[in-house]
Amino acid sequence: MRIKLLGLLCGITAISMGQTSQFSIEASYPLPVDSNFFGEHYKGIADLGLKYRIKNLQVVTIGVAVNGSLFQSSDTSYFPAYDEILHFKTSLYIIQPKLFSELNLKKINKLHPSIGVGYSAFLYTTTFDSQSNVASNHTNQGGVIVCLGASYDILSKVYLFTSFDYGKLTQLEAGIPKSNYNTQTSLLKFGFGVRL
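Here my numbering is used: the first residue of the sequence shown is 552, the next is one more, and so on.
Be a bit skeptical, because a hint or two may be false.
Said to hold, decoys possible - Subject to a maximum C-alpha distance of 25 Å in a straight line, what follows is the list of computed SDA-like cross-link-like pairs (lysine to any residue):
id	residue 1	residue 2
1	Lys640	Ser730
2	Lys708	Ser652
3	Lys606	Tyr670
4	Lys661	Leu747
5	Lys594	Gly694
6	Lys719	Tyr670
7	Lys658	Ala701
8	Lys719	Arg746
9	Lys640	Gln735
10	Lys640	Gly694
11	Lys658	Ser625
12	Lys719	Ser625
13	Lys657	Val611
14	Lys640	Asp585
15	Lys658	Asp704
16	Lys729	Val611
17	Lys658	Gly700
18	Lys657	Arg746
19	Lys606	Phe715
The hints are simulated quantities; they were obtained by calculation from the structure and are not laboratory data.
Work out the full structure: start from the sequences and follow the hints.
Dropping the structure here:
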């Protein structure tokens with residue numbers, strides 16, 4: 552429902568603004584695609600992004616972007632520190648500032664392949680259902696990302712896009728082994744964007 556309202560607001564904004572801007576906003580569904588901690592435990596809820604195209608060099612456009620994604624996970628496990636089996640829910644917020652470049656193809660001018668590089672901040676908030684009143688837990692991790700994607704213009708200011716984000720977490724919480732299972736992330740996004 553929120554994504555539909557955001558889409559409606561984006562559409563009204565795009566129609567009401569007559570001049571071309573270098574900004575665009577995006578809404579997408581994020582899908583983890585790994586067989587690791589991320590892909591096995593988290594479900595994507597939504598991803599929102601803002602892009603600013605700094606310079607158009609005819610063949611390529613260079614810009615900056617920031618995305619925010621929400622994922623959720625829930626499970627039940629035994630916690631020896633509390634001597635209790637606890638049900639817990641984790642909300643994962645991922646913030647991704649990045650640099651990107653888009654190809655401007657002359658023969659297929661509606662298609663824009665892109666590549667980007669940036670940083671991913673993983674912000675976890677875990678809440679527990681417990682009779683012991685276990686406090687919520689907040690942890691952070693981070694690392695680098697490489698993004699490959701493409702967009703296709705369906706109207707002059709509206710486009711569909713998909714992207715693949717590969718990440719390598721380099722800042723882990725204490726006690727987490729630095730194995731591929733715990734450090735590599737892969738994420739597919741499918742959505743739409745509006746040039747403001």
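message = Flag every earlier hint the structure violates by its number, smallest first.
response = 8, 11 and 16
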